[in-house]
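Peer 1: Given chain A, put chain B in place with the hints provided.
Chain residues, written in single-letter form:
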Amino acid sequence: MGLFAASLATIFVLTTDAAPYQNGDVKLQSIGPLATGPDGVLFVSDPKAACIIAIKTAVKPSDNTSGNFKVEGLNAKVAAVLGASVDQVRIIDLAVDASSQTAYLSVIRGQGASANAAVVSVRPSGEIHVLSLKNVQHAVAELSNAPADQETGTGRRRRNQRMESITDIAFVKGKLIVAGLSNEEFSSTLRTIPFPFEGSQKGTGVRIFHGAHGRYETSSPVRTFVSYDIGGDPYILAAYTCTPLVKIPMVELKPGSNVVGETIAELGNRNRPLDMIVYKKNGKQYLLMANSSRGVMKITTEKLGNYKGITEKVSGGGTEGVPYETVSDWTEVHQLAELDSQHALVVRGVDGDNLNLEAVRLP
Amino acid sequence: MPLRHDFATAICPFILVLQLGCAKPTQDEATETKEVSGEIRLAKRSAMPSQTVFEVDLPQALADGLANSGVLEPADWKKVFHIHAETANGFDWRELPPVQGSYRLTNNRLVFESLFSLQAGVNYHAVFNLSKAKQLIGGKTADRLAEMKHSDVIEATLRLERPRAKPETIVSQVYPTANSLPENLLKFYLHFSAPMSQGKVYNHIHLLNARNEKIDLPFLELDEELWNPDGTRLTILFDPGRIKSGLLPREQDGPVLREGNSYTLKIDATWTDANGAPLKHGFTKFFVVTAPDVQMPSPAQWKITAPDAGSTNPLTLDFPEPLDHALLQRLVWVEDAGNRAVEGQVHVGDDERQWAFVLGKAWKVGDYQIMIGTSLEDLAGNNVSRPFEVDRVQRPEDEFIPNYVTLDFKIRN
Chain A
1183 MGLFAASLAT IFVLTTDAAP YQNGDVKLQS IGPLATGPDG VLFVSDPKAA
1233 CIIAIKTAVK PSDNTSGNFK VEGLNAKVAA VLGASVDQVR IIDLAVDASS
1283 QTAYLSVIRG QGASANAAVV SVRPSGEIHV LSLKNVQHAV AELSNAPADQ
1333 ETGTGRRRRN QRMESITDIA FVKGKLIVAG LSNEEFSSTL RTIPFPFEGS
1383 QKGTGVRIFH GAHGRYETSS PVRTFVSYDI GGDPYILAAY TCTPLVKIPM
1433 VELKPGSNVV GETIAELGNR NRPLDMIVYK KNGKQYLLMA NSSRGVMKIT
1483 TEKLGNYKGI TEKVSGGGTE GVPYETVSDW TEVHQLAELD SQHALVVRGV
1533 DGDNLNLEAV RLP
Chain B
-13 MPLRHDFATA ICPFILVLQL GCAKPTQDEA TETKEVSGEI RLAKRSAMPS
37 QTVFEVDLPQ ALADGLANSG VLEPADWKKV FHIHAETANG FDWRELPPVQ
87 GSYRLTNNRL VFESLFSLQA GVNYHAVFNL SKAKQLIGGK TADRLAEMKH
137 SDVIEATLRL ERPRAKPETI VSQVYPTANS LPENLLKFYL HFSAPMSQGK
187 VYNHIHLLNA RNEKIDLPFL ELDEELWNPD GTRLTILFDP GRIKSGLLPR
237 EQDGPVLREG NSYTLKIDAT WTDANGAPLK HGFTKFFVVT APDVQMPSPA
287 QWKITAPDAG STNPLTLDFP EPLDHALLQR LVWVEDAGNR AVEGQVHVGD
337 DERQWAFVLG KAWKVGDYQI MIGTSLEDLA GNNVSRPFEV DRVQRPEDEF
387 IPNYVTLDFK IRN
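As given, the protein sequences belong to chains A and B, one line each in that order. Take any residue in the first sequence, note its place counting from 1, add 1182, and you have its number in the numbering used here. Position 246, counted from 1, in the second sequence is what the numbering used here calls 232; the numbers after and before it change by one each time, with no gaps.
Bound-form chain A, shown alone (with noise of 0.2 Å):
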């Protein structure tokens, strides 16, 4: 495992071909958030090798959009198929590939210095799989690290325990977004890499910043974020760390800039969002989010565009910002991702103890 930074860079070759993918093995040293882009490309984050690979997956078109699909005992099976415990086995994030029906998850197996990272992928039918990385189509971005090539700069051998958790990922509009959070400073970046990967190029890094009511200003950790449109302008919609959803226009992600999110929405204490999903119905946008507890959220995204944000003080309690509606009976989910049209995927399940995965109609 220990090669593996060094194999990365010599395998991340530059090409001039429009999609620069290579064949090999790919090794993973750990494993973070999943996102699916076009064509069953499959981005992969790597937290430890401060990494993303994206592999192009062999899967075939699916015509499946009955909703029908139900795995029980998600966990127990996987780790089945892992040949371990279910307590040895995390499962980090879900995402789906809408065209062939496959659910991907990403899994850490077992503890410590012998844990394994994997791809899992799921089928309608319940076929359970880990992904060969062997002789894969794929393509890497190295994530820029700036404290840690500082570290080399000093000249000093004492071993960098800096990381960085990436706490989500996204394909938006011919870019992955990469939000990450890290173990020291309280600062992150918001990088944005064009795919197909362009040669050594370095994901472009944005300092994010909270403003809440228009006055007091933090650095603010991205947790989980998803895209969406106003009319036709794409926005990221983020949960930062301090606060539950900040509205941030893409296309103030602009190289070394610092972006502050205008919070749109707090939702009380003692709730954190998981997940988030976007998805039209009868023509209108909606939002959709997991929390920790308060249920999942819906709230209709034009609402969001004209939202002025917060801008005084909540007082007396209760929720504040844009008004949402709780799904009432979509509870304990942990993961969401768009099925298709008609449906969400969930993870859900009590404690994460027994978990499911299964399709349920979009509201």
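Keep in mind that the hints are not guaranteed to be accurate.
Computed list of lysine to aspartate or glutamate pairs in EDC-like fashion (alpha-carbon distance at most 20 Å, straight line) [stated by the list, open to error]: (1) B:K65 <-> A:E1309; (2) A:K1357 <-> A:E1309; (3) A:K1252 <-> B:E59; (4) B:K186 <-> A:D1535; (5) A:K1357 <-> A:E1380; (6) B:K186 <-> A:D1269; (7) A:K1316 <-> B:E59; (8) B:K118 <-> B:E59.
Some chain A residues judged to face chain B by a derived CB distance under 10 Å, without partners named [what the hints assert, rightly or not]: (9) P1215; (10) L1264; (11) I1274; (12) A1295; (13) A1297; (14) M1345; (15) T1349; (16) V1441; (17) E1444; (18) L1456; (19) S1474; (20) D1535.
Keep in mind the hints are simulated off the structure, nothing from the lab. Glycine is no exception: its CB is placed at the ideal position from the N, C-alpha and C atoms.
Peer 2: Leaving out everything else, chain B in the frame of chain A:
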């Protein structure tokens, strides 16, 4: 009638064979087993002793038939020989998909190697189905095999014994080390003597008030636990929504820590390390809370003590307040007059109020500078370039912020 197969333990002393059942055993079959042993066993892979594989002996004719069957897909092999892990209570192993892995034929043995190493302590149920194997090869070989008398299905439950994990790992340190901490403290670093188990850390970390009552949700519970690459240091953040001015969590519940009160950080001994052993003992840190710290660290106020030329004494920086332990290790260093980094060892002490740099050899006369990354924070997340929160009414625009600031010093005779 179950048969016992002690030879497996002879091959691999750490392997426990729980039971092995042969369907319809007969006297004839007992004779047959000299040729067709009909056993599934665990064996170490010779090229990689750390990898344990499942093996089943095949009748010669079957092995030959399979070898001549052309390329068989894993899905074909899986019908013949499948292994199921007993992963969770409440699930019969027959309901669970088989372990993924690869198959090969070696010396009349069918070998299954799992994609990942077997997990000690887990029961693996192996099933070899002769009928399915016959279907795979077909033709005359299958007819010949049909005349042979041996069991159709062989099952075994096999397990690698789990070495008894001794509780040896401890919480080696928690930073900040001071027992007097600001109300807007942003984080703790928990250091362990060995890699820890990950995934449910917040079950094991508690904050108690002066009455020893647990405080509800004091920390930001991130799915992405903030470990160092080795898994020996965990960063836990206080909920920034309860630190930052004007946000709803703070309005509703107030800050987690309150000036004048005392608290105890408690880490349970039941937290297991990466080997599955609990901590040798739990850990507590008592501290009292002082006023919030809203001042940025100011290098101009730091006291530099430079050693004399020829001395091997450390260069020290003393701060009026504790700074972030991890960032002090990474974001403060020394360069010589030619802007070359000077190699040495950093020691942080005096409750993170002192940074000491040991050169390891005699200092030479010259001009030097201490480089300070502006991301260096104090305990409340105020860094050298900006406070944790900027009041935009009072500070409308950020001036240009360099990545580093410097402090000059001389080494004299």
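Peer 1: What hint numbers does the structure not satisfy?
Peer 2: Hints 2, 3, 16 and 17 contradicted; others consistent.
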